[in-house]
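S.K.: Could you slot chain B onto chain A? The hints should help.
2 protein chains.
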Amino acid sequence: MPSFVVVGHRARTAGDFSLNDMPGSAGRMDILCRCVNTSFFLSHDLRRDVELTLVLCGEPDPPKTVLLRGSELRYLSPDERSAGSLLKKALALPCGETFRESTPGVYVRRAGFAEAVQGQDTGVLDEHGEDLRRAAVLPARFLLADHMDFSDEEKDRIRTLPAFSVGPRSLHADHVITTVLNELDRRNAGWTS
Amino acid sequence: MPSFVVVGHRARTAGDFSLNDMPGSAGRMDILCRCVNTSFFLSHDLRRDVELTLVLCGEPDPPKTVLLRGSELRYLSPDERSAGSLLKKALALPCGETFRESTPGVYVRRAGFAEAVQGQDTGVLDEHGEDLRRAAVLPARFLLADHMDFSDEEKDRIRTLPAFSVGPRSLHADHVITTVLNELDRRNAGWTS
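Protein sequence lines, in the order shown, are assigned to chains A and B. Using our numbering, the first residue of the first sequence is number 3, and each one after it goes up by one. Using our numbering, the first residue of the second sequence is number 3, and each one after it goes up by one.
Excised from the complex, chain A in its bound form (with noise of 0.2 Å):
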């Protein structure tokens, strides 16, 4: 099962942001959304089998975690604003250290970075890593941040990580995830470039 996390900075961790301005005063909510749009969407399908962990650092309430999975999806559609509706409701609900089911598939909790790197397979997407498509083995988990690069404190935690690089230019996040499950896609199908 194919894994992503995407640490939201700025990313506000209540639900009473205006789904009209997630790219202002929501803290760049809107490349969350399109992340949850890349990671779970096929055409005329959902990926059932992806899970998607988004890490809110922005006010009033950091961090929060929210998880997607998408056996469990429901009520999502591709647009931002359906996305966006469905982290509003999960940063609406009151949340301990357990993760709390807001709607199907979606669950909040109380935490963050260092939460969701422990354990598992993970590697980081980076532009420097090693190419992706060269990889003889790749991760379950990856790793990427929305449009600031990791904090310093964050780079300590995922020193020892492997680094993947899908391509020689510098993507935004969701659309690393599309170019990451097109090739988990030509692997799973026996296609080799």
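Keep in mind that the hints were calculated from the coordinates and are not lab data. None of the hints are false.
Estimated spans, in silico, between C-beta atoms of each pair:
1. 50/A x 46/B: 31 to 37 Å
2. 161/A x 20/B: 46 to 52 Å
3. 100/A x 157/B: 51 to 57 Å
4. 138/A x 159/B: 40 to 46 Å
5. 61/B x 98/A: 47 to 53 Å
6. 122/B x 98/A: 57 to 63 Å
7. 17/A x 159/B: 45 to 51 Å
8. 77/B x 45/A: 28 to 34 Å
Just so you know, even glycine gets a beta-carbon here, dropped at the ideal spot from N, CA and C.
M.R.: For chain B alone, coordinates are given in the frame of chain A:
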């Protein structure tokens, strides 16, 4: 210069749609907005060498064609509302058969599928086509449909064009554009796979 042509089979052809309901009353305008995003956005930069042609076939005044030129684009942010706002302005402008600029880098004219696929070296992006990664030469222009398949009349016009597939699964148009641009980036930078 890579260029993409996306057909919006029900996309509204007037500037009167609501940015809050692009998937609904605007005829899946959200898909075209995401194609704008994936055609032009790099991390902290724009793809200045890309052109995107949107063919809108929905009510009330079909067909219309909106052309976006990366080299001239301004006032575009990555979120769907931003692209939707530029498309609204273009579609609100009275237009004839020659392109008229609505905002920097955005042009509109009264034209449809036939005009969009004329001339130039064009390939169709289709899941049954040749594997894009294995193709020795790629076309300058790529043609895609939105959530609906090409109509029989459209298929007749493109029957002789080469077809290319990005992978084993059927993807949304915007995700296909991301995957094609990744392949072009790699070829241009001499990354072999």
